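Here is what each chain is made of, one letter per residue.
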Amino acid sequence: MNDDNRIAEFVDRVEECWIRLGLRPTERRRLVNELVTDLTSAKSAGATADDLVRADVVAFAVEVAAAEGHQLASRQGRPAVGALIGTGVIGGALGAISSWYLVYTNYALYKLLWQVFPELVAVVLLHVMAVTLGLGGMAAAIWLRYRYQPRVISIAVRTAAWAAVGGLVSLGPAIALATHMNYRWDSDVVLLETVLVGACIAAAIGLGHRLRPLTRANHPRP
Amino acid sequence: MTVIVDRESLLMRGTLDMCVLTLLSRHPLHAYGVVQHLQEHGFTQTSYGTVYPLVSRLRRQGLLAQDLQPGGSGPARNVLSLTDEGRLTLREWTKQWREVNERISQLIEERR
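Just so you know, the protein sequences line up as chains A and B, in that order.
Going by this note's numbering, 89 is the number at position 47 of the first sequence; the sequence numbering is gapless.
Going by this note's numbering, 72 is the number at position 85 of the second sequence; the sequence numbering is gapless.
Calculated from the structure, these hints are not laboratory results.
Wrong hints could be hidden among the right ones.
Straight-line alpha carbon distances no greater than 25 Å define the calculated SDA-like cross-link-like pairs of lysine to any residue that follow [unchecked claim]:
| no. | chain 1 | residue 1 | chain 2 | residue 2 |
| --- | --- | --- | --- | --- |
| 1 | A | LYS85 | B | ALA63 |
| 2 | A | LYS85 | B | CYS6 |
| 3 | B | LYS82 | B | THR70 |
| 4 | A | LYS85 | A | ASP46 |
| 5 | A | LYS85 | B | ARG85 |
| 6 | A | LYS85 | A | ARG66 |
| 7 | B | LYS82 | B | GLU27 |
| 8 | A | LYS85 | B | LYS82 |
| 9 | A | LYS85 | B | ARG(-6) |
| 10 | A | LYS85 | B | THR37 |
| 11 | A | LYS85 | B | ALA52 |
| 12 | A | LYS85 | B | PRO15 |
| 13 | B | LYS82 | B | ARG(-6) |
| 14 | A | LYS85 | B | ASP54 |
| 15 | A | LYS85 | B | THR31 |
| 16 | A | LYS85 | B | GLU27 |
| 17 | A | LYS85 | B | ARG44 |
| 18 | A | LYS85 | A | THR147 |
Treat the numbers as computed from the prediction; the structure is a model and nothing was measured.
The shape of chain B in the complex, shown without the other chains:
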């Protein structure tokens, strides 16, 4: 059972950057908002400690932008959004993902 869980977390980790870009392509979020959305989509092992370094990397790569937005009555919020380069990259990654997924699916089907 541990092996299965480890494998699943490994697979999810490998695709987490693409999932984060996908979420942020829909609407800007702060890092904790990304965690919440990922957990709602079944990434239950994902935590703030995983997402924060990841979005830091994506920002440095120029795929995400971060703006400090006034938070109404509360403190200002760091809000993340996709840059143009981020959109292009997401398109490319999504294409790659579909192709790889298709190849793997074909391979699995052939074994049967």
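This is chain A alone, in the form it adopts within the complex:
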């Protein structure tokens, strides 16, 4: 990798840190432009990439942001549980809608599954596909929002796992409610069922992240 590429990579990594630190895009662009101009000045004065980019990227980004007066003390570099639940539920809902159209109303898929597998296996597979799409939507939404966060994959997987637990727990009350409502498909009943399942999933994510916090308190990350 040549000097220009190493410097460009350094700037990219610093900018990623600034994104994680929550700097607004306009401010971030200003800082990036200033840094690039300064690095270019330094390079034209004879500095090598080794001279310029050997700094610890995270410490450098934090120090520059702090020097520019950004309040960083309240940011511990991990998503707030409330924001995580919101993102997860929205992603999960989009995944559920996709599973409705791609799985539950997909008659070609029904036909294929019922032809290949015994009925019980086909039913289980169908539900597994639908749940996978829902949880996949959730994990994808979390990854998209927090993609510059350290250990984002672990955060997304754990959130989806807690959501699955919440979904399982919601089965009992959801079935009880459906029985009580005589399995009606009216919009108010569907809404009530959706709210019930969503609440169980949100509570499970919240409880899960409270029981096992995302990062150790003594290791805050930007």
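Fit chain B to the known structure of chain A by using the hints.
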């Protein structure tokens, strides 16, 4: 030995802002130029990664000004210089440094 090096870097870090202002009071420089001058003066641990955030802070505090100057055939350069407030601050810091240095020196001499 590590303790000695750490202590030295700690002392230098504590006075780095004053040293940067001192260098820039003599002539305007870009951030990497500041690093080079500091290294020539024995601040061997000082790097661009230390100086850039520091000059950012000093600029925000109004002690340094930054101008983009045409670089001849090359790209334009960010050049740092002292503001009037920077000059006053440097005078004050230098005075403080001399006083503290004198007190510490006296203390060390008395122990002998």
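Here's how the hints hold up against the structure:
no., hint, in the structure
1, A/LYS85 x B/ALA63, "holds (11 Å)"
2, A/LYS85 x B/CYS6, "holds (23 Å)"
3, B/LYS82 x B/THR70, "holds (18 Å)"
4, A/LYS85 x A/ASP46, "holds (9 Å)"
5, A/LYS85 x B/ARG85, "violated (36 Å)"
6, A/LYS85 x A/ARG66, "violated (28 Å)"
7, B/LYS82 x B/GLU27, "holds (24 Å)"
8, A/LYS85 x B/LYS82, "violated (36 Å)"
9, A/LYS85 x B/ARG(-6), "violated (31 Å)"
10, A/LYS85 x B/THR37, "holds (17 Å)"
11, A/LYS85 x B/ALA52, "holds (21 Å)"
12, A/LYS85 x B/PRO15, "holds (17 Å)"
13, B/LYS82 x B/ARG(-6), "holds (23 Å)"
14, A/LYS85 x B/ASP54, "holds (17 Å)"
15, A/LYS85 x B/THR31, "holds (19 Å)"
16, A/LYS85 x B/GLU27, "holds (18 Å)"
17, A/LYS85 x B/ARG44, "holds (22 Å)"
18, A/LYS85 x A/THR147, "violated (60 Å)"
The structure is inconsistent with the numbered hints 5, 6, 8, 9 and 18, although it conforms to all the rest.
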